[in-house]
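Engineer: So you can see what is in the structure, the chains are spelled out below.
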Amino acid sequence: MSNQIFVIAEHIQGKFDDITFELLGKGKEIASQLGGELVVVLAGHNVKALASQLGAASKVICVESPQLENFSPEAYVKTVNAVVAANKPKLVMTGYTSIGMELSPGISVANNMPLLSFVSELSANGGSIIAVSQLYGGKMNVESQLDGDTLVVSVLGGMFKADAGKVDGSPTVEDFAAPDFSNLSVTFKKLIQPEGGDVDITTQDILVSVGRGIQSDENIPLANDLAAKLGGAVSCSRPLVDSKWMPKTRQVGKSGLKVKPKLYLALGISGAPEHIEGMKDAGLIIAVNSDPKAPIFDYAHYGVVGDVLDIIPALTSKL
Amino acid sequence: MNIIVPIKQVPDLVEELEIDSSGKDLDRSSLKMKLSEFDDHALEEALILKDEGGATVTAIAIDGEDVDKMLFTAAAKGADKIIKITGLENPSAHQAAQAMANVIKGMPHDLVMTGVQAVDDRDGQIAVLLAHYLGIPHVSVVTSVKVEGGGVTVSKEYGAGLLAEFEAKLPLVVGVQAARQSPRYVPVAKVRQVMKSATLDEVAAGETNANVGSTVNRFFKPESGAGAEMIEGSAEEQAAKVIQLIKDKGIVK
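So the protein sequences, as listed, match chains A and B. For the first sequence, our numbering begins at 1 and goes up steadily by one. For the second sequence, our numbering begins at 1001 and goes up steadily by one.
To be clear, the hints were calculated from the coordinates, so they are not data collected in a lab. Backbone N, C-alpha and C fix where the C-beta goes; we use that ideal spot for every residue, glycine too. Heads up, a few of these hints could be off.
[Stated by the list, open to error] What the simulated footprint calls covered on chain B by chain A, stretch by stretch (three residues with Cβ under 8 Å from a Cβ of chain A suffice, anywhere in the stretch; the number is not a length):
| no. | region |
| --- | --- |
| 1 | 1109-1123 |
| 2 | 1152-1162 |
[What the hints assert, rightly or not] When the alpha-carbon atoms are kept at most 30 Å apart in a straight line, the in silico DSBU-like pairs for lysine-lysine are as follows:
| no. | chain 1 | residue 1 | chain 2 | residue 2 |
| --- | --- | --- | --- | --- |
| 3 | A | K190 | A | K48 |
| 4 | B | K1241 | A | K262 |
| 5 | A | K189 | B | K1169 |
| 6 | B | K1050 | A | K189 |
| 7 | A | K260 | B | K1253 |
| 8 | A | K318 | B | K1050 |
| 9 | A | K244 | B | K1241 |
Could you put the whole structure together from the sequences, leaning on the hints where they help?
Structural biologist: Here it is in structure tokens:
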């Protein structure tokens, strides 16, 4: 085992995802606590120029191949596992993201390293590492201690400050030969851009955002009425999109859109980490939920315990 | 086409979660369990594929409280076979994935479809772990699976509505984020009927020596309501205070 802290970089269409900088900022802290070296694994095609944005790290291990031009789970798993096996880092940091979720289990199984998921806090204690996972939809924190020396973490987005990792510089760039990509069975075909045409919730000053507490798609007009009176738009949490009650273009959260309105009314939204990531920077957050212990109240400025089916019409009638 | 759908129960988060006396686990006696919503979507997408072109769908689950009923419900929705894996109690994600792989290896499998995540995944998500224990490729965070030629076309979701499309040969493990349609509903009467007619097979978990490699120090609740100033009163009074508040802040006139 080396004393390296690895960050697996994520990029789509030539641009790093914020999670990469969030991991770098935290990784730098852990590396200094452990006296280790912060190293980025950067896989792609013609990506070496991007290394200048990774100045928080002292080294970038760069793997380039035309077959890594677009993210593809199988080719990237082979690549990352080969780099990890050759270097034996102490800690590998990945995002709890669409890309990171494809990579962390393979690193764990192939290299016999423990894996911790939904990670929201990370610290070094002596030589060991302590991680907190946000489980049960953000309703319970679980602190874990390493048994051995090595660890893979899958870190929730928005937990660590991206600014701390956004440092330009000229880290040492080390080339690593791409593994054998013959006989791959998963092939990237194309990116499909989100459909436009609907309301752009990222530009609204006021969002009336509904969650599972709305109970039925028949109650969505209640939210529409309130939004119309307020001069805002209706947005929602993930389960309403999965149930096909609302279009994808209205979804706030990690897998939806990040929003920053002046007013965010969270109505019947419990506040799972997936959702919080998309709205926690709103100017004024007012949450209504029937569960007084809902995690959304940790992030809201004002809270109302009650049934949204009573509160929404009451709000509308007062405007 | 043989589709295996690993499913599991998770605590229903509508209920209050309590920590047990050890401080290192939930108080499981007070939990109400339900099918993990992402596994429900995985089952739905598998049943859509069966409806579209024919497939044998097998739902499998690790034994636990109310697991029989969950599996019979899957059968009532349209699963052709249901299998319970015995000999593990509250396994980690790594152990569960390894036990699933032990069982699936002995069965014909073209597609393995399970939920992208579960709310209690401390040591990783089963979908991709399972792919590695099976030694077959995976695509996760998937919102549609279509059978084409000898393989499948899958859509994987990134943030902000961006999708990527992949073609994959079989076998493949798919981590399902959402099915193309909302999971189907099955009346309790039909589940009861299926409980009488369907066969629930039991298989032993086999060797599970996965390295979890970490120990739980403690469970603790996030400080509830720490951030929010609470607005009290009847629904009418609360609504009036909220409207006054946003008017005072100049957000609406």
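Engineer: None of the hints should be skipped; say for each whether it holds.
Structural biologist: Evaluated hints:
no.: 1; hint: 1109-1123; in the structure: holds (count 7)
no.: 2; hint: 1152-1162; in the structure: holds (count 9)
no.: 3; hint: A:K190 / A:K48; in the structure: holds (23 Å)
no.: 4; hint: B:K1241 / A:K262; in the structure: holds (18 Å)
no.: 5; hint: A:K189 / B:K1169; in the structure: holds (13 Å)
no.: 6; hint: B:K1050 / A:K189; in the structure: holds (25 Å)
no.: 7; hint: A:K260 / B:K1253; in the structure: holds (20 Å)
no.: 8; hint: A:K318 / B:K1050; in the structure: violated (51 Å)
no.: 9; hint: A:K244 / B:K1241; in the structure: violated (33 Å)
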